[in-house]
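Each protein sequence line maps, in turn, to chains A and B.
The opening position of the first sequence corresponds to residue 1 in my numbering, with each subsequent residue numbered one higher.
The opening position of the second sequence corresponds to residue 1 in my numbering, with each subsequent residue numbered one higher.
In case anyone wonders, no lab produced these hints; they're calculated from the structure.
Computed from a prediction, not measured in an experiment: that's the story for all the values here.
Mixed in with the good hints there might be a few duds.
Just so you know, same-sequence chains aren't split out, so a pair can sit in one copy or run between any two.
To be verified - With a cut-off of at most 25 angstroms between alpha-carbon atoms, the simulated DMTMM-like pairs for lysine to aspartate or glutamate come out as follows:
id, residue 1, residue 2
1, Lys242, Glu80
2, Lys249, Asp92
3, Lys106, Asp137
4, Lys212, Asp66
5, Lys98, Asp18
6, Lys106, Glu147
7, Lys98, Glu163
8, Lys61, Asp92
9, Lys111, Asp64
10, Lys186, Asp205
11, Lys98, Asp64
12, Lys99, Asp157
13, Lys211, Asp4
14, Lys3, Glu80
15, Lys98, Glu153
16, Lys238, Asp205
17, Lys99, Asp66
18, Lys243, Glu202
19, Lys241, Asp62
20, Lys99, Asp18
21, Lys61, Asp18
Protein chains: 2
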Amino acid sequence: MTKDPYSLPAEEFYARGDSYFLPHISIDCVIFGFHDNQLKVLLLEWKDSLRWSLPGGFILKDEDIDQAATTILLKRTGLEKIHLQQFHTFGDPNRDRKKHGINPPKGSNPKSWIMDRFVTIGYWALVEHSKVTPTPDAFSRSCSWCEISEVPELILDHNLIIEKALESLRLQLNDYPVGFNLLPAKFTMPELQSLYETILAEKLDRRNFQKKILSLGILTRLNERKQGGAHKAPFLYKFDKKKYQKALKQGLSFGI
Amino acid sequence: MTKDPYSLPAEEFYARGDSYFLPHISIDCVIFGFHDNQLKVLLLEWKDSLRWSLPGGFILKDEDIDQAATTILLKRTGLEKIHLQQFHTFGDPNRDRKKHGINPPKGSNPKSWIMDRFVTIGYWALVEHSKVTPTPDAFSRSCSWCEISEVPELILDHNLIIEKALESLRLQLNDYPVGFNLLPAKFTMPELQSLYETILAEKLDRRNFQKKILSLGILTRLNERKQGGAHKAPFLYKFDKKKYQKALKQGLSFGI
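Isolated chain A, as found in the complex (with noise of 0.2 angstroms):
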């Protein structure tokens, strides 16, 4: 056996793969990107038929699926030990390629493994942009960043997916701390709303944000302002780490 199956050829991933991997359970990963103020999302296009998708991919038979999606995340983007938050599994029946019009590549079997109907596991990745180096896939010609605003169709449900990736995020914010791995390391006030803003997709009021975020004691603001010169340049904040990972465990109790 090859200790990496996603390094086979096309003809044999699609004849053989099912030997490597569990039948009719995939993974499909959102991951998220801040960068110029805007929410992006990888996405790959496929080398055939253009198409566009999410990066995903399948399960060992002997793998822990976390384990799998993280395999994915570092494949697409270089990156390691980056929290993945599984947040929904897809199990409508039309979720199958024949259904969609999909087709294997030219000279695979039709009859493959891959054209059966998929329940899909879905995770999200929060990631610094500046770090990522987008790498498509054996099947992909292309893996680049989309602002959210321009995703264009995906194949199967994949624009559901990630609907509900950003569902889930946004509901993350009320109970978890977010920031860490999409801001750099120092950054002001307004970048911090600005972010907030982008995800929950509304306005926010600036002092009542600034009060809330503060209160939750995980930020440190810094004795430094952006750029230096003008009095008027806000000033820097970085993440307490160490509170800001005791938050991400157990939670910010914003509630009853």
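Got chain A; can you put chain B on it based on the hints?
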């Protein structure tokens, strides 16, 4: 093909169930009820081995996973039209009955599809205790309520599944209203607080709780006190169904 493969004799179910169901994927349901100020969960006791497990089942080859979960809930409780919350998919490669010394019933094929590794999709539901008729499945001798704090050792990772369901339910309290299916139509503020305290496993301040819960605008105070008579008897409340449904859809936005 029979319409309901769950009604097959055990031997046949073990031998040929995989001609009806997706292989390697199962569903487990954590069904919560609230009774005598206690949070309870529905468990099955197996016929042969007297082990305990969560109610669960499989997914027909052309069935939506949510529908499969709905069928399990109906079969075990008699309840329909209850919201089932998918909360996590469990994919440890050790989720394999062989690795846990669990054997198929006598006379069944020890190499049955059921003895393979399974990835399981977890759902929880909140149901009105008094409306449930706990009903064992074909492999169980009993189906009964068990207090959360008294759950015995369950098969595979089912204890972990309950833990994760509780975690999800607790987070849900921050984002969505809870209580509609758990409490009787009319209830007192102390009863509602007690429900929240039981789910959160912590004592809450009476005045704070009342202030926060009323601020959600989902309750209507009735002009009626518990039991009539004494003036100190607490007022009865009911949920404003329309506002409750809206909050379920939009979230409570306690947060930023």
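Taking the hints in turn, this is what the structure says about them:
Taking the shortest alpha-carbon separations for Lys242 and Glu80, only the intra-copy value of 20 angstroms comes in at or below 25 angstroms, while the best inter-copy value is 46 angstroms. In this assembly of identical chains, Lys249 and Asp92 lie within 25 angstroms of each other by CA distance solely across copies; the values are 21 angstroms between and 32 angstroms within a copy. For a Cα distance limit of 25 angstroms, the shortest separation of Lys106 from Asp137 inside one copy, 17 angstroms, qualifies, whereas the shortest one across copies, 47 angstroms, does not. For the homomeric pair Lys212 and Asp66, neither the shortest alpha-carbon distance inside one copy (33 angstroms) nor that between copies (37 angstroms) is at most 25 angstroms.
Both within a single protomer and between protomers do Lys98 and Asp18 lie at most 25 angstroms apart by alpha-carbon distance, with minima of 17 angstroms and 21 angstroms respectively. With identical chains, the CA atoms of Lys106 and Glu147 are never at most 25 angstroms apart, being 32 angstroms at best within one copy and 58 angstroms at best between copies. In this assembly of identical chains, Lys98 and Glu163 lie within 25 angstroms of each other by CA distance solely inside one copy; the values are 24 angstroms within and 39 angstroms between copies. For the identical chains of this complex, Lys61 and Asp92 are neighbours both inside a copy (23 angstroms) and across copies (11 angstroms), given an alpha-carbon limit of 25 angstroms.
Taking the shortest Cα distances, Lys111 and Asp64 sit within 25 angstroms of each other only across copies (22 angstroms), while inside one copy they are farther apart (27 angstroms). With identical chains, the CA atoms of Lys186 and Asp205 are at most 25 angstroms apart within one copy only, with a shortest distance of 22 angstroms there and 38 angstroms across copies. Taking CA atoms no more than 25 angstroms apart as the test, Lys98 paired with Asp64 passes between copies only; the shortest distance there is 17 angstroms, against 28 angstroms inside one copy. For a Cα distance limit of 25 angstroms, the shortest separation of Lys99 from Asp157 inside one copy, 12 angstroms, qualifies, whereas the shortest one across copies, 35 angstroms, does not.
Taking the closest pair of Cα atoms, Lys211 and Asp4 never come within 25 angstroms of each other, the shortest separation being 50 angstroms inside a single copy and 57 angstroms across copies. Within a single copy, Lys3 and Glu80 get their C-alpha atoms as close as 19 angstroms, which meets the 25 angstroms cut-off; across copies the closest is 47 angstroms, which misses it. When the C-alpha separation of Lys98 and Glu153 is checked against a cutoff of 25 angstroms, the pair qualifies only within one copy, where the shortest distance is 18 angstroms, while the shortest distance between copies is 43 angstroms. When the C-alpha separation of Lys238 and Asp205 is checked against a cutoff of 25 angstroms, the pair qualifies only within one copy, where the shortest distance is 21 angstroms, while the shortest distance between copies is 34 angstroms.
In this assembly of identical chains, Lys99 and Asp66 lie within 25 angstroms of each other by CA distance solely across copies; the values are 20 angstroms between and 28 angstroms within a copy. Taking identical chains as interchangeable, the C-alpha atoms of Lys243 and Glu202 lie at most 25 angstroms apart only when they sit on different chains, with a minimum of 22 angstroms there against 27 angstroms within one chain. Taking the shortest Cα distances, Lys241 and Asp62 never come within 25 angstroms of each other, neither inside one copy (35 angstroms) nor across copies (47 angstroms). Proximity of Lys99 and Asp18 under a CA criterion of 25 angstroms is satisfied in both settings, with 20 angstroms inside one chain copy and 22 angstroms between copies.
Taking the shortest Cα distances, Lys61 and Asp18 sit within 25 angstroms of each other both inside one copy (9 angstroms) and across copies (17 angstroms).
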